[in-house]
Amino acid sequence: MITRMERREFLKLGLTITGVSVGGGFLSVVSNFKKVFASTEEYRKKYPYKPHYTMLIRQNRCIDCGECMKACVKTNNVPGYGYRTTILERYEKNAIGSKREFIPMLCMQCNNPPCVRACPVEATYKDKKTGIVRMHYEKCIGCKTCMEACPYDARYFNDERHAIDKCDFCFDTRLSKGMKLPACAEACPTKARVFGDLSNPNDEVFRIVHQMQKAVWVLRPEVGTKPNVFYTTSDREVSDEK
Amino acid sequence: MAKTKKAKAIYIWDAVRSINGSVLHNLHEDIDSLLSGGKIYFFLLIMGFLMVYAAGMFGVSAVNMGYREAYGLTREAPWGLLISTYIFFVVTSTGLCIVSSIGHVFGVKQFMPIATRAVFVSIVTIFAGFSVMLFDLDEPFHMIYSIITPNLSSNIWWMGALYGAYLVFMILEFIFLLLKRHKPAAYSGLTALIFGISAHSNLGAVFGMLHGRDFWYGPYMPIYFIASAIMSGCAAIVIFTWLGYKINNEKIDKQMEKALQSVGKLAALMIAILIFFEIWKVITGLVGSEDKRLAIFSMLNGRYAFNFLVIEILIGMIIPFIILIKTRFMNMNKLFYASILMIIGIFFMRYDLVMVGQVVPVLHGINVEEFSGLVSYAPTIYEIAISIGGLGIAIIAFLFGEKVFKGPFKGHKFGIHPLDEVWK
Ligand code: SF4
Ligand code: SF4
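As they're listed, the protein sequences go chains A and B.
According to my numbering, the first sequence holds residues 1 to 242 in order.
According to my numbering, the second sequence holds residues 1001 to 1424 in order.
Incorrect hints may appear among the rest.
As the list claims (entries may be wrong) - Covered stretches of chain A, going by a simulated chain B footprint (3 or more residues, C-beta under 8 Å):
#1 117-131
#2 137-143
#3 156-165
#4 215-227
Claimed, not checked - Label pairs and their in silico Cβ distance ranges:
#5 F1141(B) <-> D172(A): 19 to 25 Å
#6 I1381(B) <-> H162(A): 20 to 26 Å
#7 G178(A) <-> L1286(B): 52 to 58 Å
#8 K50(A) <-> F1306(B): 53 to 59 Å
#9 E92(A) <-> Y1220(B): 33 to 39 Å
#10 D159(A) <-> V1310(B): 33 to 39 Å
#11 K1326(B) <-> Y81(A): 51 to 57 Å
#12 N77(A) <-> L1152(B): 29 to 35 Å
#13 F1400(B) <-> D159(A): 35 to 41 Å
#14 G178(A) <-> I1381(B): 48 to 54 Å
#15 D127(A) <-> I1381(B): 38 to 44 Å
#16 D172(A) <-> N1064(B): 28 to 34 Å
Hints are computed from structural coordinates only; laboratory data are not their basis.
Remember, it's a predicted structure, so these values are computed and weren't measured experimentally.
C-beta: ideal position from N, C-alpha, C; glycine also.
Input sequences plus hints: build the corresponding full structure.
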């Protein structure tokens, strides 16, 4: 029996573990990649988003400084009682070395989004061009079914908008205005959040997500939502930041 | 063509006349009868108005202050008492529709006397449910988009559409029953039944198709919803019939007594079935994922244990079952008390279903500090008042119905209609 801690160390070592569930919630996506997305080619044909926006989170780089959250609040007018993105904290008292890790959370922009299926009025929808799960705020009736449907707790009810609000990779506030990065990715001082385009083979995220050497995973893979936010670790020594 | 049009016109005119004749014969008389009644009638009426009044006050201030402030809902548990109450009412409505159809749609004679009242109360309860639901939706007017941009893969959409159709056919059925036009009544009843069951299983599927929520996910929910609806319907019909006779100061006649006994038997059968549902829910849950186990534990020895074990199972099922069996369904008063217990149990059944499904945070499994505990929720006074208001609406509408439709409810004026001809 591998204990949870040992398994995690495994991942940290960068060993490829196929289909191992760590802490009940993670699944290495590396050699599972084909399984999850059929083949890369087929995947890109099936989800013809261009650009196919995605985010890669280099989890061990996150130092919980909260700059991303601040930037998000400012950019998207997020009220104090809600959040579009947050940093979760994991504490393992038996861990060797560092006992804490921080997990940035945001909407996974799922390829198979349960929230979109659940909404009776199509107030939330999968953007056909970019693959971002967006909101028609003016349509939302406030039934909160999408909140129940989301397996990632990514949605909250915004009183001021009288509608559900959620992360849209800053599409409304930045991307649609020609800016290249969501506010959080731009604000992150350690470059833990890498924003990219899965339809572009030269993109950094594309290259990391499609390599086999280092573990890349998604949260709650068992739910089958096919998230577009990936997690990995990065070697702090290697300073290949953009 | 012209002929059928004319025939139709005559038919409608006939219908209007006979509604006028039989029901709205004399407005004065009706108003008089609304204002006359025994102690129980006035007591219930005043209670009903107080409930609706309080609900109105709290409801309006909840709208003003914003639901986030007024209700105890959170990001992790966005559904609470109002949704549970809504489900409770629509479950009861569907149940009443199913139970009433046994008699006048499927022609089982013993069930015929209860039919008209059951149909009426079924309309009343679904209205009560919708009124409560309105206070949960932040922007009910945006529902127009369910027509402009419908999402046909959404269970909520189907539930709304099917309940809408259900309501229309229930009202038609009721009108035909009043008109003594049993054939169209039976057909409307059958149509309403089909829509009602589809709507209701869709409501179950709203929960059953949330694949991020282990406690709800699976085909169990739609089936469970239908089974529990029948139990709800039986309890409701006993309660409302008993009260109907009480407020009109009459003794339950032989025919009605027989009918209620049959309803009681059906209720006992449904309790037996539902207990198996509950047992298997617990047993399958205990070998499931960690999240599901945690949810089940919250029902067995956690914060929902009292609700589940004591109210839902003991008070709502086991005690009524014993009462029913012991009295051999003969004692009308005991049947009434058993039904009251059942209805209380069923209300908690809804509440538990909604809340236990949300007790384990969706991100619990990734072992982060933020989601290590269970989600807590307690209804606020606003939610409680609005829910009670729903009950108030049901009570007032029922009482007025008893006065206005006194004749048809008893089945006296129209006789206990042998519907056999419909099925010939
Ligand atoms: S993470 Fe939640 S809100 Fe975002 S697309 Fe997936 S289901 Fe929808
Ligand atoms: S709360 Fe709004 S966005 Fe969410 S399912 Fe309901 S209508 Fe759709």
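Inset, instruction - Tell me, in ascending order, the numbers of any earlier hints that this structure violates. - result: none
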